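There are 2 protein chains.
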Amino acid sequence: MISANRNIRRLLRYRNSLCKMQELGFETVYSYNLGRETGVSPEQVRKDFSQFGIKGNKKGGYNINELLITIREIFRKDELQKVIVVGVGNIGNAILQYKGFQKNMIEIVASFDIDPTKYKKKKLPVPVYSLDKLPKFVVEHKINTAIMTVPERVAQDVADLLIEAGIKGIMNFAPTVLKVPPHIHIVNICIGHELESLIYHSLQMGNNGRGKGS
Amino acid sequence: MISANRNIRRLLRYRNSLCKMQELGFETVYSYNLGRETGVSPEQVRKDFSQFGIKGNKKGGYNINELLITIREIFRKDELQKVIVVGVGNIGNAILQYKGFQKNMIEIVASFDIDPTKYKKKKLPVPVYSLDKLPKFVVEHKINTAIMTVPERVAQDVADLLIEAGIKGIMNFAPTVLKVPPHIHIVNICIGHELESLIYHSLQMGNNGRGKGS
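Protein chains in written order, with my numbering: chain A, 1 to 214; chain B, 1 to 214.
It cannot be assumed that every hint is accurate.
If chains are identical, the list can't say which one is meant, so a pair holds when it fits in one copy or spans any two.
Stated by the list, open to error - No farther apart than 27 Å at their CA atoms in a straight line, the calculated lysine-lysine pairs in the BS3-like style are these:
no. : residue 1 : residue 2
1   : Lys47     : Lys133
2   : Lys58     : Lys179
3   : Lys179    : Lys118
4   : Lys20     : Lys121
5   : Lys99     : Lys120
6   : Lys179    : Lys99
7   : Lys179    : Lys47
8   : Lys179    : Lys103
9   : Lys133    : Lys58
10  : Lys136    : Lys118
11  : Lys82     : Lys99
12  : Lys136    : Lys82
13  : Lys136    : Lys58
14  : Lys99     : Lys121
15  : Lys99     : Lys122
16  : Lys118    : Lys59
17  : Lys20     : Lys179
18  : Lys123    : Lys99
19  : Lys55     : Lys142
20  : Lys59     : Lys99
21  : Lys58     : Lys118
Treat the hints as calculated values from the structure; they're not laboratory data. Bear in mind that the values here come from a model prediction, so they are computed numbers and not experimental data.
Construct the entire structure; sequences and hints are all you get.
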């Protein structure tokens, strides 16, 4: 059982790097290799692994294959995880088209929109249903997780509908702080805020030190 | 001058709520109102404001208009901030279509792709140039910030090109830990990892406690 979100994200970064190393033919990795590749200190790598009962060999190396199996077990990657997308605008559409989820045993099984007729002519990899079909679908297909790409003004209402239907985790792309019960897990991805924060920091750096591009 | 990223994100959340309150006709806000709307403790709200020299009135209320002006000044919203998008795939395309940046004085001025001919027939709001035009464009238009929506396998190479051209801040959508000099600011938005982390937490919640959707 892992409690903190940050541990989970580090594990996913380790997995990414470990997969690449395995593809390159490596069998063993050291905490400092993996730390360098993932931007984590070697101490933190060892601490994370020890938390999951993973032990290194005498020289401090770890078997890459064993690490990957353990990480897969933690994320229950033996079961396909079904996810729905609510709101088929530009971002929703881009997420539906993305093919990278499948390799990690995630499948987007359906999408929902306030006006599904708009998408009849578009080639989408999953059906688009109207919002009133959502509650039944979530229960029947035992969906726990939803990606919500709806306009800000309806975000709270749609979140309420999802939670009422039994959804436990929502990825929210609207720049709204959703009010949800404590047992509901929310991941906010506010591209606008992230971009403003980034511009703020870029401006602090100023326009000096330009490269040889001119 | 603000040092931590988290402060910046909180300020942006305050701004969002303050704009809504202003639209609803409110003139004054209390730290507990604003805290409740943004998921921040009233103490933190007061601490953040006091850091920027913003004082409340005798009863502890803040003038909404003054708050918004101060936040605008912090983000230098009197100047239009020009941004480029590199990689016009599904996500890149969705970001180009997004109209929400303009109200915050951000303009995406151009996009770049390894194969710009692919997009000749598509209706895009900005031109798509080939990557070899990027260095000159960045210097000539004094671009500091780039949104990078390229495949994982080329992410590091494209980041190197951007930094060489003079870019100071990169929003990276590839699931790669970019290796960059310390003065470069990176925001990673890895939708895949966020989704896996969310599914992990949703599974911990289990399938119990379903709503009345059935």
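Consistency of the hints with the structure:
1. Lys47 <-> Lys133: Neither. Shortest intra-copy (46 Å) and inter-copy (46 Å) distances fail the 27 Å Cα cut-off.
2. Lys58 <-> Lys179: This pair counts as neither: shortest intra-copy Cα distance 50 Å, inter-copy 30 Å.
3. Lys179 <-> Lys118: For Lys179 and Lys118, neither the intra-copy (30 Å) nor the inter-copy (43 Å) Cα distance is at most 27 Å.
4. Lys20 <-> Lys121: Answer is neither; intra-copy 39 Å and inter-copy 36 Å both fail.
5. Lys99 <-> Lys120: both (21 Å within a copy, 24 Å between copies)
6. Lys179 <-> Lys99: between (31 Å within a copy, 25 Å between copies)
7. Lys179 <-> Lys47: Between copies only: 23 Å across, 35 Å inside.
8. Lys179 <-> Lys103: between (33 Å within a copy, 25 Å between copies)
9. Lys133 <-> Lys58: neither (57 Å within a copy, 52 Å between copies)
10. Lys136 <-> Lys118: within (22 Å within a copy, 41 Å between copies)
11. Lys82 <-> Lys99: This pair counts as within: shortest intra-copy Cα distance 14 Å, inter-copy 31 Å.
12. Lys136 <-> Lys82: Within one copy only: 15 Å inside a chain, 45 Å across chains, cut-off 27 Å.
13. Lys136 <-> Lys58: Classified as neither: same-chain Cα gap 54 Å, cross-chain 53 Å, threshold 27 Å.
14. Lys99 <-> Lys121: The answer is both: 21 Å in one copy and 24 Å across copies each meet 27 Å.
15. Lys99 <-> Lys122: Classified as both; 17 Å inside a copy, 22 Å across copies.
16. Lys118 <-> Lys59: neither (61 Å within a copy, 52 Å between copies)
17. Lys20 <-> Lys179: This pair counts as between: shortest inter-copy Cα distance 16 Å, intra-copy 40 Å.
18. Lys123 <-> Lys99: both (15 Å within a copy, 24 Å between copies)
19. Lys55 <-> Lys142: Neither: 36 Å inside a copy, 51 Å across copies.
20. Lys59 <-> Lys99: neither (39 Å within a copy, 55 Å between copies)
21. Lys58 <-> Lys118: This pair counts as neither: shortest intra-copy Cα distance 61 Å, inter-copy 54 Å.
The structure shown violates the earlier hints numbered 1, 2, 3, 4, 9, 13, 16, 19, 20, 21.
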